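Just need the whole structure built from these sequences, with the hints factored in.
Just so you know, the sequences run in chain order A and B. Residue numbering for the first sequence is 914 to 1348, as defined by my numbering. Residue numbering for the second sequence is 914 to 1348, as defined by my numbering.
Any given hint could turn out to be false.
Identical copies go unnamed one by one, so any copy, or any two together, can satisfy a pair.
Listed below are the simulated DSBU-like cross-link pairs for lysine-lysine, each with C-alpha atoms no more than 30 Å apart in a straight line [to be verified]:
1. Lys1078 to Lys1145
2. Lys1295 to Lys1078
3. Lys1082 to Lys1145
4. Lys1262 to Lys1014
5. Lys1295 to Lys1014
6. Lys1295 to Lys1145
By construction, these hints were calculated from the structure, which means they are not laboratory data. Note that the coordinates shown come from a computational prediction; the quantities given were computed from them, not determined experimentally.
Protein chains: 2
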Amino acid sequence: MPLLAAGTVAPAKHLRQKPKLRSGNLVRPDSASTIEGISAISQAVDPQSRKAGEGEAQRTAPFSFRLLASDGHARRGEIATAHGPGATPAFMAVGTQATVKGLASEAVRATGADIVLANTYHLMLRPGAERIAALGGLHRFMHWPRAILTDSGGFQVMSLAELRKVEDKGVTFRSHLDGATVELSPERAIEIQNLLGADIAMQLDECLELPASRPELERAMRLSLAWAERSKRAFEAAPPQRALFGIVQGGDDPQLRMASARSLVAMGFHGYAIGGLAVGEPQEVMLRTIAEVAPALPADRPRYLMGVGTPEDLVEAVARGIDMFDCVLPTRNGRHGLAFTRFGPVNLKNARHAGDPRPLDEGSACPAARDYSRAYLHHLVKANEMLGAILLTTVNLSYYQELMAGMREAIAVGTFAQFRAAASEGWARGDLAPV
Amino acid sequence: MPLLAAGTVAPAKHLRQKPKLRSGNLVRPDSASTIEGISAISQAVDPQSRKAGEGEAQRTAPFSFRLLASDGHARRGEIATAHGPGATPAFMAVGTQATVKGLASEAVRATGADIVLANTYHLMLRPGAERIAALGGLHRFMHWPRAILTDSGGFQVMSLAELRKVEDKGVTFRSHLDGATVELSPERAIEIQNLLGADIAMQLDECLELPASRPELERAMRLSLAWAERSKRAFEAAPPQRALFGIVQGGDDPQLRMASARSLVAMGFHGYAIGGLAVGEPQEVMLRTIAEVAPALPADRPRYLMGVGTPEDLVEAVARGIDMFDCVLPTRNGRHGLAFTRFGPVNLKNARHAGDPRPLDEGSACPAARDYSRAYLHHLVKANEMLGAILLTTVNLSYYQELMAGMREAIAVGTFAQFRAAASEGWARGDLAPV
Chain A
914 MPLLAAGTVA
924 PAKHLRQKPK
934 LRSGNLVRPD
944 SASTIEGISA
954 ISQAVDPQSR
964 KAGEGEAQRT
974 APFSFRLLAS
984 DGHARRGEIA
994 TAHGPGATPA
1004 FMAVGTQATV
1014 KGLASEAVRA
1024 TGADIVLANT
1034 YHLMLRPGAE
1044 RIAALGGLHR
1054 FMHWPRAILT
1064 DSGGFQVMSL
1074 AELRKVEDKG
1084 VTFRSHLDGA
1094 TVELSPERAI
1104 EIQNLLGADI
1114 AMQLDECLEL
1124 PASRPELERA
1134 MRLSLAWAER
1144 SKRAFEAAPP
1154 QRALFGIVQG
1164 GDDPQLRMAS
1174 ARSLVAMGFH
1184 GYAIGGLAVG
1194 EPQEVMLRTI
1204 AEVAPALPAD
1214 RPRYLMGVGT
1224 PEDLVEAVAR
1234 GIDMFDCVLP
1244 TRNGRHGLAF
1254 TRFGPVNLKN
1264 ARHAGDPRPL
1274 DEGSACPAAR
1284 DYSRAYLHHL
1294 VKANEMLGAI
1304 LLTTVNLSYY
1314 QELMAGMREA
1324 IAVGTFAQFR
1334 AAASEGWARG
1344 DLAPV
Chain B
914 MPLLAAGTVA
924 PAKHLRQKPK
934 LRSGNLVRPD
944 SASTIEGISA
954 ISQAVDPQSR
964 KAGEGEAQRT
974 APFSFRLLAS
984 DGHARRGEIA
994 TAHGPGATPA
1004 FMAVGTQATV
1014 KGLASEAVRA
1024 TGADIVLANT
1034 YHLMLRPGAE
1044 RIAALGGLHR
1054 FMHWPRAILT
1064 DSGGFQVMSL
1074 AELRKVEDKG
1084 VTFRSHLDGA
1094 TVELSPERAI
1104 EIQNLLGADI
1114 AMQLDECLEL
1124 PASRPELERA
1134 MRLSLAWAER
1144 SKRAFEAAPP
1154 QRALFGIVQG
1164 GDDPQLRMAS
1174 ARSLVAMGFH
1184 GYAIGGLAVG
1194 EPQEVMLRTI
1204 AEVAPALPAD
1214 RPRYLMGVGT
1224 PEDLVEAVAR
1234 GIDMFDCVLP
1244 TRNGRHGLAF
1254 TRFGPVNLKN
1264 ARHAGDPRPL
1274 DEGSACPAAR
1284 DYSRAYLHHL
1294 VKANEMLGAI
1304 LLTTVNLSYY
1314 QELMAGMREA
1324 IAVGTFAQFR
1334 AAASEGWARG
1344 DLAPV
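Following this line, the structure appears as structure tokens:
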């Protein structure tokens, strides 16, 4: 299987040109942030998705990554999957249990999302990967016709499961739902992700919290490499249009990180993730690690920073060469009354919003940020109304996507430094400016 | 104030004609069940609604009711309000705390709703009627540019508040939120509803649970009549385009009901509600009471059955001359995993749906009923995901609106009896038919 032949690098002289999409009849990722957008995609990409009882449509477009522009270390690119493109730098909304909490798929798409992430750990336990496969795969199950990335389940085993035991063969744990004993090996993690039908699968890895001792970090890194090798072998049975990413581990130790990266690159993956960050270390350690690891990864493959982060984290990581992100912050914080805006975070629980007629951001492209007063959002949050969570989740995902789109545009025209400075100034300004 | 001059009765020979709307540039209530629909309305009816900091637009269109057709006792009509029309028979979704739980206003409109109900009791306690008025009124606050009916607060005082004391002057109670002592008189109930900006306000009444003794029923009925008189006087200060409905009480006692209806009609209201039903009595008692009271109400005024009910209740009450309904059943049961469909209720919690690839109703106009398998809905409900509540609320409100639209059409063409029989057959069929 020609795993390394999938990516293509645009010649340097084309770097500043407007990106071209491979599939002419796909909706442009930057312009399709509408209900109509997802309907068009639904018909163009996934004509079978509405018919129950059929197998998943056979898709033959191969996974690929094109680097379209760069500006310093920041990169503008385009992922192509059998379920449509993903403009990078990309933020992937988290749809843990086959749903981005509080939003129907059309609403997720309307925020500007190309790709969503789903959690293997949760779905293998409920409703089960075999069940989802029997129902036509995860895209049909959750009515999301665009690209899906699944994690391997490893991270949640470490953070959620009880009585876990990590061995060379894999990890054994007790389900947090019913206490059942479950085994997860590199091979089973790939099998599950294949059953789900993920466009991008992740190798099983072991992710430690920081701080951790060097021997512990080295042990987990070496185990993750062994699992990477086995994941890659297991993935040879996957349909050819799907992709597998390896995961760089090694904690905050530069030597371990470089050893991990070099070994993974030697194996060859469609893309490379940096795992084991944003797990307790200071931001500067995270950014230093990214700056060290990213240049060791091939320029023609996407680089995915797992589980990160704040708007500032995203901009700083893009500045260091990262292409993809996922994080629960915009969705989880939205459910808890916090809005992310161009002018920094706004805690709608705060009583000072109770009589404020201003919307969160009149200049936003997101109706939820324009159509409702802070007073109304405060009321919904205080009254524990679902609509508060829904609107703030929408606002936050839209702001994250707006930030990514802004970075993509800035990189394409060579103004990323200015964009970075302006974003930083906006966050510092705060939302307390007079009406 | 010419309270009785608002309604007009269409001549009998026109009863079977297609309804004509009064405002040519309003979106047709039966055809506007789309996101586009609410935008058009939003611009046509409420151009100021998106601008913060302005007072509520002055609206001058008077409240009116036109009877457009009848078929047996069933009536097809049209309410006109300053915030757009309401086709009757109408089902009003319940937006207790200034939100129909789980749905943004565009999504409520997309189910086909013309009018929503909001609860005075909840809003007077949080965020407060004066606060909502200062923010431009309830329509702007909840971003709902169409008609709003508010109840008087009386029913919730009886069912939710602690330490309530009913006296001639009004009711004193402790807030269920913070224990504060609050007074609600007929005059204050009207003042609150005026501050909210309700298109249709309700008189304060006392609603008893059934069974209740005849002396108790008579006392509450007479008190409600005295409060009706005071409510009407207080309402003279309201802007002229708004409407006030009186409420017939009297429990399951026909004599008391008739006395209540006659006295209210003598006072004169824009519309008449039947309260104090669906409060513990058998369905046949409710239907018998409706059949007795409805003919005692003026034909040229809308008749509103408060807090009712199941799909069957709605059809049977329309058959007895009711024009308007509100009920928490479609929203509350949706949040608890129950779907209302043409083929009866479906409990998505049930394990038999776990592998069922069929949507709830392939023939529905509601995407939530078509685009998601029962297996997915079951998964969402079992996983306690917000999206389960959101989709089932959408399915249920859409089905209720579809049922109302079906009744309206059948009454207009004189086939209500057939519609009623077919609906009943559908519910009896169940959803277990082979795929």
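Hint numbers contradicted by this structure: The structure breaks only hint 6.
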